[in-house]
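In the order they appear, the protein sequences are chains G and D. By my numbering, the letter at position 161 of the first sequence is numbered 161, and the numbering carries on one by one without gaps. Take the position in the second sequence, starting the count at 1, then add 1000; the result is the number in my numbering.
Just so you know, the hints here were simulated from the structure itself, not pulled from any lab data. Check the hints yourself; a few may be wrong.
[Unchecked claim] Once the Cα atoms are required to be at most 35 angstroms apart in a straight line, the calculated DSBU-like pairs of lysine-lysine come out as:
(1) D:Lys-1111 to G:Lys-294
(2) D:Lys-1379 to D:Lys-1162
(3) D:Lys-1330 to G:Lys-294
(4) D:Lys-1120 to G:Lys-294
(5) D:Lys-1162 to G:Lys-294
Because the structure is a prediction, the values reported are computed rather than measured.
Here's the letter readout for the chains.
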Amino acid sequence: MSAAPAPGVGAKAPADDSARPVGQSRWTPYALLSPGLLWLSVFLVVTTIMLLPMSLSSGRAFSGDGTFSFDWQFANYADAWTQYVVDTPIFQKSLIYALIATVLTLVIAYPLAYTIAFKAGRWKNFLLVLVIAPFFTSFLLRTNAWQTILVDTGPVVSFMEASGMLSVFHAINTPDSWPSWAQIFPEGLSAENRVLATPLAVIIGLAYNFLPFMTLPLYASLERIDVRLIEAATDLYSSAWTAFRKVTFPLSLPGVVAGTLLTFIPAAGDPVNPALLGSTSDALMGNAIDAQFKATGNYPLAAALSVLLMVVIVAMVAVYVRRAGTEELV
Amino acid sequence: MTDQNPFSNPVSGVRNTGLSRRGFLRGVGATGAAAAGASLLAACGSDGDTDTDTGGSDEKILNFANWPLYIDTKRVDGVKAYPTLEAFEEQTGIQVNYSEPVNDNEEYFAKVRPVLAANKDVGVDSFVLTDWMASKLINLTWLEELDKSNIPNWENITSALKEPTFDPNRDYSLPWQSGVTGIAYDSSVTGEVASITDLFTNPDLNGAITVLKEMRDTMGLILLDQGADPADFTPDEWGSALEALSAAKDSGQIRQFTGNNYAQLLAQRTIAACVAWSGDVIQLQFDNPDIKFLIPEAGGMLWSDNMLIPINAQHKANAEAWMNHYYDPKVAAELAAWVNYICPVDGAQEELAKTDPDLAENPLIFPTPAELDQLAIFKALNDEEETQYADDFQSIAV
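Same shape as in the complex, but just chain D (with noise of 0.2 angstroms):
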């Protein structure tokens, strides 16, 4: 059961995402896994539109890229070293560039779309983006399908995240980290803000709290208040959240739609309370104790960042072998340590817990089943609904 505690409570439960990946730290996120490996042999494709000039080349490189701060780091002797990634790279030879030139889902769609849609290789063999942008790009059938046979360990998946509507067999995404997105709070200005409703409403915080511009984020927490289920929802359920959502905004109680930059707002007390990322927050928590993270009663949204492979990328079987490594519970535990996302890796909270037992009990990176229960995904849109949704949305938005 999510209780109501605040993330800085660890008792309860999933509250932790990790850091900023998208906060204004742009901090933690998933480090990318890159792919790596296997190019040994399989380059050439198990499947998918390997084109013959690029079908995969048996070079031991894979480029990869990923969110800033999303991967395992420490300075030896002066110089940053990548462990896990270093590790992967002794294991398979394969020499991986790491790159973190994804700041925002949009903006990164936006610099791959033209050479996607003209056929090209982008010179990534994998990237990794958010649920919603991977469904995307799966519709648009512009990733190559995963050869699960190169990807041995992606078994361990955590049952939560095994069957998104999106892509319920996993054929074409691997999460990277998740997150959660809940509410967050400041208990010294405000008393707990439980729900949706409470925030929307309660005349306390009127003209005090923001909510995300992600539509995904904030409609999807808007429905689980209202009873519905953001993984399937109907037209009417729909339009009830729109209107909870434009009522908070006429009122004057929804100050701001907000990006990353909620963070700074709660931090300086113009606001009370808001829609957050748990990452954010326990950044902000690290300055600021009385700020709170809960996941209301009624259910959070969970999303992940997704490992993807885009069509004819050069180096597909390499990734396979990167995203095996990272399913590695031993490898997922000591990126784990590391990176304050929920870990998508069954059997990494045994592995953590031999060396630090303590940060392996924490259920902001291993909430437990019951725990991701309580969560939502947003479900997958056709093209249709993408253009309906997202115009409703930006009606009130902007």
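Just chain G, with the same shape it has in the complex (with noise of 0.2 angstroms):
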């Protein structure tokens, strides 16, 4: 999936502290590292290196003799290339829909750890209990319930066609006159109709599912923000959205790009969502990836649209991340 939930991410660098507090030997960060560093060794860094060599064999797992051998078939980057890029651009659809998805996040988690953090008073804990709550059922049975929710003769699809939002959507479309790679809404962004079985449904369910991923590490940047800094800023005559701009925003930005990562990348790489909201032509890179393990056995070819997918997910977020010039995230 997502495969490297980003190993510069997560796994922080051990802050070299030169002023070392007496008495620790100097191994001690090390010793605290090691479980975490032997796990992420293991079942992260071991197993993506193996991909590698997968990527680059040939065989089926269901036809020869099931197994596979070595031998530098770069063609699997080339098929993986042409079947997902160029004739049916699922691969792109994957960062679209994933963007879509972690811009509306932003969106609604950003004025939630707002309220939560400043505005909240007593009720901070619970509000916060409350945005978590949803990791307390299973991520499959969640959305399974927006099937429910979004169901087509249900009351949320017949408010939305009735307030004309449905016709909006339906609205925004790839235009047929563009290339075969460039249709990422053919049939526009949800039906007439429906949002089931639509891209907006799957979006809708990325946004959803990672919502606690983005709120929480907002919250704890602006839970930190020094008041001090926004009262400084009104009495120099800035206004409250001229302060916010100036003063919040730019201090809360480690959160915003932490969230944003934190929803981006599982969104990516997500099978789940597009399988049960999606129709057959919402089919995303971890469906893709699936099918080719599964259903064709085609591991080989699983394996290099993994490998694909990591690095372009990695040079992106290493991108952003330089862009954002947060030598401290979190």
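Both chains are given apart, each in its own frame, so use the hints to dock them into the complex.
What follows is the structure in structure tokens.
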């Protein structure tokens, strides 16, 4: 899946504080890090590295003797490119669906986190518990529940249809004249009379499922902001909006970056939301990898797709983090 | 003749497949028949590759792996009991370790593949997998040939299942239970959906149908609909079946390619009709009698879940004794009375008639030979075909 939830992201570099507290061995940081490093190296690094030779092998799980031979099959990458980028824009769709879901999540989570951090008073802890409450039920069940919420004949869809929202979403599409690799929403963001089995449902599902991952880092960043800075800004005759734009938001950027990464990366590889909420045209990379692995037994192609997705995401994240200029994430 | 009566009308043919072994409840399946038996003497493997170390042991043990809810059970004093399994244990003195780890052909295959590829013992003497996966395992030479002299009852296999193309002499596989793939629809939402053409082109069903992700189920029905034989079709016929599928996808007719979850979609009326496994539909009908199942006039797909013995199985002869036990019509009748799938054993119907005449008349469990003949089994694929067909189908399905 979004295989490497970014090696660089989760694992924070050990702060090399030269001012070591007296009496601590210089090995202490390494000792403290070792459980995490061991875990990550066995279950992430090693398995990720194993993907590479598989992605350059030939063979099928369901034919021949069911084994694979490593023979520098770069053709796997060519196949992945032709099938999932050129012929059908599944790769591009994954990134764009995930991007839209991430922006949507940010728009929803920011005011939420802001309210909890600055306005909630004694309700703060309670609201935080509510944010993580969905984790008390299974991811699958929650996604399944959206099938019921968005059911064609249900109140949500009826309302969206009656209020004209669906017509607007339906009108957002990629023109027929565009080449096949750019056909992200050939039938529109939603259908005229339903949401399920359209891109919109997948995006809603992704945004919903990853909302807590956006909210919590945002909250952590906002909560740390020294309110006196905002007061100082208003003392200097800035409007509330300018104070937000020039003080609060920049100071919350580490949270924005962390939250968007924690949302975008898993969303780009998620197979569950597209499978349960999307149509035949909404398959994303997670589904493609799943299908190549399970249905056709083409492990090498599945591995090549995984590597491709991982490389692209890591590259995008690197550029993004650099741009955002946040040395101290989180 | 398989008329098009919905499943709910028991007069028509084969519709009965079992509850949902594959279904959302992961239902019924076949029990695994574990192998039982004869380990007494025979253990040294009548043929095949019994390795020296594993050449089979004389232990009176059988490890059997099956799909969940695929064997008769009852509660005795609050404890789960397995009547037919226990009868086997009593008769043979073999202790059966019955487990239900098989949820999905591919997934189970992925688990045993590395072990079998290394020519090791998977720790299970027999498991139950669907035809096409059995076919793969045969091609990979990862199965032991059955010693029919340990399974005299195998002769009771119903004629429609006796000579599948993937294992023409039933040298490696015996069906545990069989089932049918056909069309399910909600009669409160749509009229009868009698054929794949209807399913794929009726404008009222646009965006309201699903087909199965299983290539053989979906493509088999399309091939039949176009007058081709899934057991023996030409590349042209395959190509035109693909086109039909592709056209239905492009027109937006097909809402999703599904696994088990179509049952839920049908139940909540998100879809009006779909390609379905009859067993699931029986389950759905308990809650909603409007849901019907029919086998298109052009034919439906017949599949079986087969008992197989992997190479290096420790208790091969016991597994064969188990197979023999479940091909005894009396035992098969007892199993059929509990599991709603098609019973693969001739004579079971007569046995069941003695104890439960009504059930024995249920065409959903005992289709007539003529009804069975209306069903097709997908042909065995060689490596090249397997790869090509799977890729062709996958390019549309994802």
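Requested in this report: Would you check the hint for Lys-1330 of chain D and Lys-294 of chain G, treating anything up to 35 angstroms between C-alpha atoms as holding?
Outcome: Violated: Lys-1330 of chain D and Lys-294 of chain G sit about 38 angstroms apart, past 35 angstroms.
Query raised in the report: Are the Cα atoms of Lys-1162 of chain D and Lys-294 of chain G separated by 35 angstroms or less?
Result: 29 angstroms, holds
Report task. With a cut-off of 35 angstroms on the C-alpha distance, tell me whether Lys-1120 of chain D and Lys-294 of chain G pass. Result -> 23 angstroms, holds
**Report entry** Restraint check for Lys-1111 of chain D with Lys-294 of chain G, where alpha carbons must lie at most 35 angstroms apart
**Finding:** With a Cα-Cα distance of about 12 angstroms, the restraint between Lys-1111 of chain D and Lys-294 of chain G holds, given a limit of 35 angstroms.
Query raised in the report: Taking only the CA atoms, is the gap from Lys-1379 of chain D to Lys-1162 of chain D under or equal to 35 angstroms?
Result: Satisfied, since the Cα-Cα distance of roughly 14 angstroms is no more than 35 angstroms.
In this structure, the one hint that does not hold is number 3.
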